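Sequence lines, in order, name chains A and B. Mapping the first sequence onto the working numbering, position 41 (from 1) lands on 41, and the numbers just tick up by one. Quick note, the working numbering runs 1000 ahead of the 1-based positions in the second sequence.
The hints are simulated quantities; they were obtained by calculation from the structure and are not laboratory data. Remember, predicted model here, so these are calculated numbers, not experimental data. Glycine is no exception: its CB is placed at the ideal position from the N, C-alpha and C atoms. A couple of the hints might just be wrong.
[As the list claims (entries may be wrong)] Reference excerpt, derived from the structure (chain A facing chain B, CB under 7 Å, subset only): (1) Pro-114; (2) Leu-137; (3) Ala-155; (4) Tyr-238.
[Unchecked claim] Away from chain A, derived, C-beta distances all over 10 Å, residues of chain B: (5) Gly-1003; (6) Glu-1036; (7) Leu-1045; (8) Lys-1049; (9) Arg-1053; (10) Gly-1073; (11) Lys-1074; (12) Asp-1179; (13) Ser-1219.
[Stated by the list, open to error] Listed next, the in silico SDA-like pairs over lysine to any residue satisfying Cα-Cα at most 20 Å (straight line): (14) A/Lys-171 x A/Ser-140; (15) A/Lys-23 x B/Phe-1201; (16) A/Lys-74 x A/Asp-106; (17) A/Lys-151 x B/Ser-1233.
Number of protein chains: 2
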Amino acid sequence: MTGKLYIVGVGPGHHDHMTFRAKEAIEESDTIVGYETYVNLVQDLIEGKTVYRYAMTQEVERARQCIDLAKSGKIVSLVSSGDPGIYGMAGLIYETLAEAGWSPKDGLQVEIIPGVSALNSCASIIGSPLMTDFAVLSMSDLLVPWEIIEKRVEAAAQGDFVIVIYNPASKKRIHQLQDTRKILLKYRSPLTPVAIIKGAFRESQTVVLTDLKSLPEHSDKLGMISTVIIGNSSTYTYENLMVNPRGYKSKYSLKQADVKSNP
Amino acid sequence: MTGKLYIVGVGPGHHDHMTFRAKEAIEESDTIVGYETYVNLVQDLIEGKTVYRYAMTQEVERARQCIDLAKSGKIVSLVSSGDPGIYGMAGLIYETLAEAGWSPKDGLQVEIIPGVSALNSCASIIGSPLMTDFAVLSMSDLLVPWEIIEKRVEAAAQGDFVIVIYNPASKKRIHQLQDTRKILLKYRSPLTPVAIIKGAFRESQTVVLTDLKSLPEHSDKLGMISTVIIGNSSTYTYENLMVNPRGYKSKYSLKQADVKSNP
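Next comes chain A alone, as it looks inside the complex:
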């Protein structure tokens, strides 16, 4: 007897930005598994269901349990904030399934339900920073050696990518963003716009728009629910927004008169 396993991204933590498919999957499930903070985000949808709440850093056990429950016939939603396909639980689920020799033909159905990730939500809050090519980096070196991440920062700087940083810092993990800033300052102006968005779309949301030079003044805004967006050579700020142009000005005038005559 086999059930279903949904890996559900509920978005930035406000139901407004959850997808219909995410809600539907949670409602269809009899069993909910997740890090307790994420489970709390969907508390109103899970009344009457069997709920397993986990503490942080128990990801391997969580993946194993979800698979076991689904194999026993349960319809299970493993919930997470954002998009489980971006630094999320999707990978560990498939790794664990692969290790166990799973095949999609076996009967255990797995569906990853994508969501609005921090890169999507934070960009929308701060303006339009992702109109050009960008690199997404996690500063967490718990599972990836710092030397590899550092090399990627250097590469992203050389390629003039806009950079989105997940997990910029924690109480114990401080130097990584500081080192990243130093590398970027070799390639970018100290006035390069930097946004720190903390708790996007939650009640506690705070937004800081600063620059590479002044970033260290805002270390109190960094943490596990913060995202940092660093502009590239084209990024500018306007009215507390971070704007990256997609080159239209090189081809068109954006002034009203010209547009009306012949865009």
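Position chain B relative to chain A; hints supplied.
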């Protein structure tokens, strides 16, 4: 008299993956503007509203018109597929507003509504390719010189980023992905997994899982609604899925017995 301007991402084109906020904004609007293919995606939500459908490549006129309509008191939704904050209309709206000296205090309210972009939806369909740092690149050199894009491909290759490619090719734009492949082959194995997802979550969806060596055999799957995901040195395939491990194996065994004893 001033209205509101919503820049709405409706996700990959299937209502399931639209957010509640996107639907709400469209329903609240009296005026809908958008590229006709995108407007058709939400046909059932816009009965009775004033609808302006645009052909491709009229982005500047579209942005201007939305702003004019909102300034005249309309509640306007500029709709697009995916996330308007990723290579989308958010940038052109803010650029045009900045050019006109707009201030958020003027009364014209602008809200970017993020959505499930191609990077989110395509990753969820093909497995878990985005568990590690990744670079997002558009192959369109209509507004960005090819030399800049080429330099970024080189940087992304050097940084061992997983790479997500938007707009990989069009009928007239063929060489860019071919050149990208050649650059990547200087750094990556010909067996590096590559996925081409066309029309994600639409009825016409097709998925090809291939590798860098064989990519040219699948050029018929490239086009304006295709996304290409190229693995890095850690990416592997399993049962037609593309999996990127997040280093758990280096710290934990994923086998059931070990997990049960002490995860």
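We went through each hint and held it up to the structure:
1. Pro-114: This interface hint holds because 4 Å falls under the 7 Å limit.
2. Leu-137: holds (5 Å)
3. Ala-155: holds (3 Å)
4. Tyr-238: holds (4 Å)
5. Gly-1003: holds (18 Å)
6. Glu-1036: Label holds. Min Cβ-Cβ 17 Å, cutoff 10 Å.
7. Leu-1045: holds (12 Å)
8. Lys-1049: holds (21 Å)
9. Arg-1053: Non-interface label on B/Arg-1053 holds, nearest chain A Cβ at 16 Å vs cutoff 10 Å.
10. Gly-1073: holds (18 Å)
11. Lys-1074: holds (17 Å)
12. Asp-1179: At about 15 Å from chain A, B/Asp-1179 clears the 10 Å cut-off, so the statement holds.
13. Ser-1219: holds (22 Å)
14. A/Lys-171 x A/Ser-140: Satisfied, since the Cα-Cα distance of roughly 12 Å is no more than 20 Å.
15. A/Lys-23 x B/Phe-1201: Answer holds: A/Lys-23 to B/Phe-1201 is near 17 Å, not above 20 Å.
16. A/Lys-74 x A/Asp-106: holds (15 Å)
17. A/Lys-151 x B/Ser-1233: holds (14 Å)
Consistency note: the structure conflicts with none of the earlier hints.
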